[in-house]
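Chemist: These protein sequence lines are chains B and W, in that order.
My numbering numbers the first residue of the first sequence as 2 and each following residue consecutively.
My numbering numbers the first residue of the second sequence as 2 and each following residue consecutively.
The set of hints was computed from the structure by calculation and includes no laboratory data.
Here a beta-carbon is modelled for each residue, glycine too, at the ideal position from N, C-alpha and C.
One thing to keep in mind: the hints can contain errors.
Unchecked claim - Here are the simulated lysine-lysine pairs, BS3-like style, with alpha carbons at most 25 Å apart:
{"id": "1", "chain 1": "W", "residue 1": "K166", "chain 2": "B", "residue 2": "K149"}
{"id": "2", "chain 1": "B", "residue 1": "K241", "chain 2": "W", "residue 2": "K257"}
{"id": "3", "chain 1": "B", "residue 1": "K110", "chain 2": "W", "residue 2": "K149"}
{"id": "4", "chain 1": "B", "residue 1": "K142", "chain 2": "B", "residue 2": "K59"}
{"id": "5", "chain 1": "W", "residue 1": "K84", "chain 2": "W", "residue 2": "K53"}
{"id": "6", "chain 1": "W", "residue 1": "K61", "chain 2": "B", "residue 2": "K295"}
{"id": "7", "chain 1": "W", "residue 1": "K59", "chain 2": "W", "residue 2": "K84"}
{"id": "8", "chain 1": "W", "residue 1": "K186", "chain 2": "B", "residue 2": "K241"}
{"id": "9", "chain 1": "W", "residue 1": "K103", "chain 2": "B", "residue 2": "K315"}
{"id": "10", "chain 1": "W", "residue 1": "K315", "chain 2": "B", "residue 2": "K257"}
{"id": "11", "chain 1": "B", "residue 1": "K110", "chain 2": "B", "residue 2": "K84"}
{"id": "12", "chain 1": "W", "residue 1": "K166", "chain 2": "W", "residue 2": "K241"}
{"id": "13", "chain 1": "B", "residue 1": "K186", "chain 2": "W", "residue 2": "K149"}
{"id": "14", "chain 1": "B", "residue 1": "K257", "chain 2": "W", "residue 2": "K42"}
{"id": "15", "chain 1": "W", "residue 1": "K42", "chain 2": "B", "residue 2": "K149"}
{"id": "16", "chain 1": "B", "residue 1": "K315", "chain 2": "W", "residue 2": "K42"}
{"id": "17", "chain 1": "B", "residue 1": "K110", "chain 2": "W", "residue 2": "K315"}
{"id": "18", "chain 1": "B", "residue 1": "K257", "chain 2": "W", "residue 2": "K149"}
{"id": "19", "chain 1": "B", "residue 1": "K257", "chain 2": "W", "residue 2": "K241"}
To be verified - If you want the footprint, here are the derived chain W segments under chain B, 3+ residues with CB under 8 Å:
{"id": "20", "region": "78–91"}
{"id": "21", "region": "96–107"}
{"id": "22", "region": "263–271"}
{"id": "23", "region": "279–289"}
{"id": "24", "region": "300–312"}
What the hints assert, rightly or not - Not the full set, but computed from the structure, chain W residues with beta-carbon under 8 Å of chain B:
{"id": "25", "residue": "P124"}
{"id": "26", "residue": "N135"}
{"id": "27", "residue": "P139"}
{"id": "28", "residue": "D140"}
{"id": "29", "residue": "E318"}
{"id": "30", "residue": "L320"}
{"id": "31", "residue": "A322"}
There are 2 protein chains.
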Amino acid sequence: MSRIGILGYGNLGRGVENAINLNDDLELCAIFTRRNPADLKVNSNTPVVSVKEIENWKDKIDVLILCGGSATDLPEQTPKYAKLFNVIDSFDTHARIPEHFKNVDSAAKEGGNIAIISIGWDPGLFSLNRLLGNVILPDGKDYTFWGKGVSQGHSDALRRIPGVKNAKQYTVPVQAALDAARSGKNPELTTRQKHTRECFVVLEDGADAKKVEEAIVTMPNYFADYDTTVNFISEEELIKNHSGIPHGGFVLRSGKTSDGTNHVIEYSLKLDSNPEFTSSVLVAYARAAHRLSKEGQSGCKTIFDIAPAYLSSKNGEELRATML
Amino acid sequence: MSRIGILGYGNLGRGVENAINLNDDLELCAIFTRRNPADLKVNSNTPVVSVKEIENWKDKIDVLILCGGSATDLPEQTPKYAKLFNVIDSFDTHARIPEHFKNVDSAAKEGGNIAIISIGWDPGLFSLNRLLGNVILPDGKDYTFWGKGVSQGHSDALRRIPGVKNAKQYTVPVQAALDAARSGKNPELTTRQKHTRECFVVLEDGADAKKVEEAIVTMPNYFADYDTTVNFISEEELIKNHSGIPHGGFVLRSGKTSDGTNHVIEYSLKLDSNPEFTSSVLVAYARAAHRLSKEGQSGCKTIFDIAPAYLSSKNGEELRATML
Numbered sequence: 002m003s004r005i006g007i008l009g010y011g012n013l014g015r016g017v018e019n020a021i022n023l024n025d026d027l028e029l030c031a032i033f034t035r036r037n038p039a040d041l042k043v044n045s046n047t048p049v050v051s052v053k054e055i056e057n058w059k060d061k062i063d064v065l066i067l068c069g070g071s072a073t074d075l076p077e078q079t080p081k082y083a084k085l086f087n088v089i090d091s092f093d094t095h096a097r098i099p100e101h102f103k104n105v106d107s108a109a110k111e112g113g114n115i116a117i118i119s120i121g122w123d124p125g126l127f128s129l130n131r132l133l134g135n136v137i138l139p140d141g142k143d144y145t146f147w148g149k150g151v152s153q154g155h156s157d158a159l160r161r162i163p164g165v166k167n168a169k170q171y172t173v174p175v176q177a178a179l180d181a182a183r184s185g186k187n188p189e190l191t192t193r194q195k196h197t198r199e200c201f202v203v204l205e206d207g208a209d210a211k212k213v214e215e216a217i218v219t220m221p222n223y224f225a226d227y228d229t230t231v232n233f234i235s236e237e238e239l240i241k242n243h244s245g246i247p248h249g250g251f252v253l254r255s256g257k258t259s260d261g262t263n264h265v266i267e268y269s270l271k272l273d274s275n276p277e278f279t280s281s282v283l284v285a286y287a288r289a290a291h292r293l294s295k296e297g298q299s300g301c302k303t304i305f306d307i308a309p310a311y312l313s314s315k316n317g318e319e320l321r322a323t324m325l
Numbered sequence: 002m003s004r005i006g007i008l009g010y011g012n013l014g015r016g017v018e019n020a021i022n023l024n025d026d027l028e029l030c031a032i033f034t035r036r037n038p039a040d041l042k043v044n045s046n047t048p049v050v051s052v053k054e055i056e057n058w059k060d061k062i063d064v065l066i067l068c069g070g071s072a073t074d075l076p077e078q079t080p081k082y083a084k085l086f087n088v089i090d091s092f093d094t095h096a097r098i099p100e101h102f103k104n105v106d107s108a109a110k111e112g113g114n115i116a117i118i119s120i121g122w123d124p125g126l127f128s129l130n131r132l133l134g135n136v137i138l139p140d141g142k143d144y145t146f147w148g149k150g151v152s153q154g155h156s157d158a159l160r161r162i163p164g165v166k167n168a169k170q171y172t173v174p175v176q177a178a179l180d181a182a183r184s185g186k187n188p189e190l191t192t193r194q195k196h197t198r199e200c201f202v203v204l205e206d207g208a209d210a211k212k213v214e215e216a217i218v219t220m221p222n223y224f225a226d227y228d229t230t231v232n233f234i235s236e237e238e239l240i241k242n243h244s245g246i247p248h249g250g251f252v253l254r255s256g257k258t259s260d261g262t263n264h265v266i267e268y269s270l271k272l273d274s275n276p277e278f279t280s281s282v283l284v285a286y287a288r289a290a291h292r293l294s295k296e297g298q299s300g301c302k303t304i305f306d307i308a309p310a311y312l313s314s315k316n317g318e319e320l321r322a323t324m325l
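Could you put together the complete structure from these sequences and hints?
Modeler: Following this line, the structure appears as structure tokens:
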């Protein structure tokens with residue numbers, strides 16, 4: 002049995018709470034929050050504890066799952082808590098992973114703990130498939146497509162535009178580009194060819210739709226390089242039809258092993274809820290963290306460093322008999 | 002640099018020879034054969050050596066890749082050579098893996114070597130995806146589809162029928178069943194619903210086509226439980242259109258994380274050459290075997306026991322910066 006703690010109770014924290022419930026060998030012992038614990042309504046009978054008291058739990062939990070955001074929470078929290086606990090996070094700012102790894106690694110070693118960072122599906126399962134594709138087909142090409150799904154970052158960008166009351170943005174992979182990647186012909190695909198962006202926007206009273214649309218489609222980094230569609234809808238419609246957080250995507254590796262002999266490896270996810278799925282991955286890697294720690298290992302790991310058997314509650318013999 | 006030896010020079014051995022060529026950190030040092038070495042024409046300048054002399058190579062190669070068959074070669078060869086070398090095999094008789102593991106494990110430990118068994122795509126990459134699917138979505142269902150591709154076992158079964166001169170059998174996944182598995186509704190699918198079998202048969206002169214067809218479609222285990230199509234063709238047509246060894250397939254895990262919240266994970270392969278792709282997987286795991294051995298580990302491992310980072314020639318820092 003592994004005793005788990007959660008820090009942060011947003012969509013991800015609720016997902017972890019739920020995922021632990023589906024795994025008999027994991028027990029949720031505490032939910033830590035920066036808010037007033039009395040104000041937090043959780044979905045289980047788990048004690049809600051102020052993060053100020055977290056040090057008292059050092060010997061009462063085996064792994065702390067960090068459910069904060071990558072922008073400001075995790076760069077501070079993961080190193081901080083890796084000194085006290087085995088920890089897992091879903092740090093997803095790809096460009097800053099090397100720096101985050103370094104900070105977390107020295108903290109985890111100092112504490113004699115295991116930290117597994119950047120767990121989820123991208124980074125995470127998609128990264129694993131990029132690595133496998135590259136080592137198996139060294140003479141080849143990678144393709145990653147995201148969606149159809151809600152991009153939180155792009156939805157936030159829409160909501161910052163003057164005149165926008167509320168908004169949701171879907172990233173949509175272009176079928177023709179996917180088919181080209183699958184063809185085995187290793188095409189070069191531009192940003193515009195691979196994805197389109199669909200925006201559903203609720204305007205403030207009296208806002209100028211034309212101006213808002215122009216501000217969206219020309220926004221650098223976020224929309225200017227894409228074919229972007231803007232749909233103006235009512236707040237009721239947004240709530241009714243666009244409240245979910247679905248996501249998914251595709252990782253392809255296309256390569257040849259000899260002249261004219263091509264192979265395509267494809268990995269895809271179709272997720273009704275991005276945070277619930279990410280949480281489920283975090284929970285499986287929490288099991289691995291506890292095991293590695295029991296073996297006496299310490300330091301920072303990523304999905305690349307974890308042998309898959311550590312993820313399962315079955316032992317090696319059972320795994321070989323049932324899944325190999 | 003890892004020094005590799007090959008034992009057995011059929012389709013798989015030739016594939017390994019080729020795959021090593023695509024990896025700068027691997028060097029093919031010897032091809033061992035049970036045949037007369039002088040009779041073997043290989044595609045590289047690699048020395049061809051009689052298997053009788055293999056013990057002399059104990060300190061000259063780091064990993065021996067066993068390219069024999071699962072029926073009779075590997076059950077004998079893998080334990081035998083695990084005493085002398087780090088070894089990899091593609092043992093694919095699922096039901097006998099636990100027994101094979103046990104034999105290889107004690108031999109490898111005796112020799113102080115690493116042995117990695119059942120490497121390829123099924124068992125192998127498909128097994129890895131079954132494990133990942135199960136740990137991430139414990140409340141779900143597995144689906145494995147094979148094809149479209151040539152089944153060697155079924156083609157052999159056809160050729161044993163009196164009146165059949167030559168034959169090729171394709172296993173074909175049924176699109177409707179694949180779509181049902183992808184739907185997230187977790188359907189129960191029967192053997193007949195999941196795959197059809199397409200046979201291309203060259204008759205002996207004077208053979209009775211009706212009788213041969215009847216013998217095929219009623220053959221227990223191989224064809225009786227499937228919708229089987231039999232096409233009689235000329236030997237020229239068989240050679241012209243059916244000489245390739247393509248294969249592939251799909252592993253799906255469909256499950257829910259809360260009521261009404263479903264997720265589908267899909268992994269698929271589309272391979273122009275089954276043996277060339279399998280060889281490429283073997284070669285990546287040979288790299289891992291050498292590394293594990295250098296760390297002082299020994300014993301038998303499967304794909305479940307190997308942390309992905311061991312498969313790549315890049316170090317952890319490079320992997321995190323480029324693929325995570």
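Chemist: For the region 96–107 of chain W, does the count of residues with a C-beta closer than 8 Å to a C-beta of chain B reach 3?
Modeler: holds (count 3)
Chemist: Measure nothing beyond the straight line between the CA atoms of K61/W and K295/B; if it is 25 Å or shorter, mark the hint as holding.
Modeler: With a Cα-Cα distance of about 38 Å, the restraint between K61/W and K295/B is violated, given a limit of 25 Å.
Chemist: Hinted pair, alpha-carbon criterion (25 Å max): K186/W, K241/B. Please report holds or violated.
Modeler: The given pair, whose Cα atoms are some 23 Å apart, holds under the 25 Å limit.
Chemist: Would you check chain B against the region 279–289 of chain W, counting CB to CB pairs closer than 8 Å, and say if three or more residues qualify?
Modeler: n = 5 at 8 Å, threshold three: holds.
Chemist: Take a quick look at whether K142/B and K59/B sit within 25 Å of each other, Cα to Cα.
Modeler: violated (46 Å)
Chemist: Are K166/W and K241/W close enough, with their CA atoms no more than 25 Å apart?
Modeler: Distance ~16 Å between K166/W and K241/W Cα, so the pair holds.
Chemist: Sort out whether K84/B lies within 25 Å of K110/B, counting only the CA atoms.
Modeler: holds (8 Å)
Chemist: For a C-alpha distance cap of 25 Å, please report whether K103/W and K315/B respect it.
Modeler: Holds, at about 18 Å.
Chemist: Take a quick look at whether K186/B and K149/W sit within 25 Å of each other, Cα to Cα.
Modeler: holds (19 Å)
Chemist: Can you take a look at whether the region 78–91 of chain W is actually covered by chain B? Rule is 3+ residues, C-beta closer than 8 Å.
Modeler: violated (count 0)
Chemist: Run the distance test for K257/B versus K241/W: straight-line Cα separation, threshold 25 Å.
Modeler: Given that 25 Å is the threshold and the Cα spacing comes to 22 Å, the pair holds.
Chemist: For the region 263–271 of chain W, do at least 3 residues have a Cβ located nearer than 8 Å to some Cβ of chain B?
Modeler: It holds: at least three residues are needed, and the region 263–271 of chain W offers 9 whose Cβ sits within less than 8 Å of chain B.
Violation of the numbered hints given earlier is confined to hints 1, 3, 4, 6, 15, 16 and 20; the remaining hints are satisfied by the structure.
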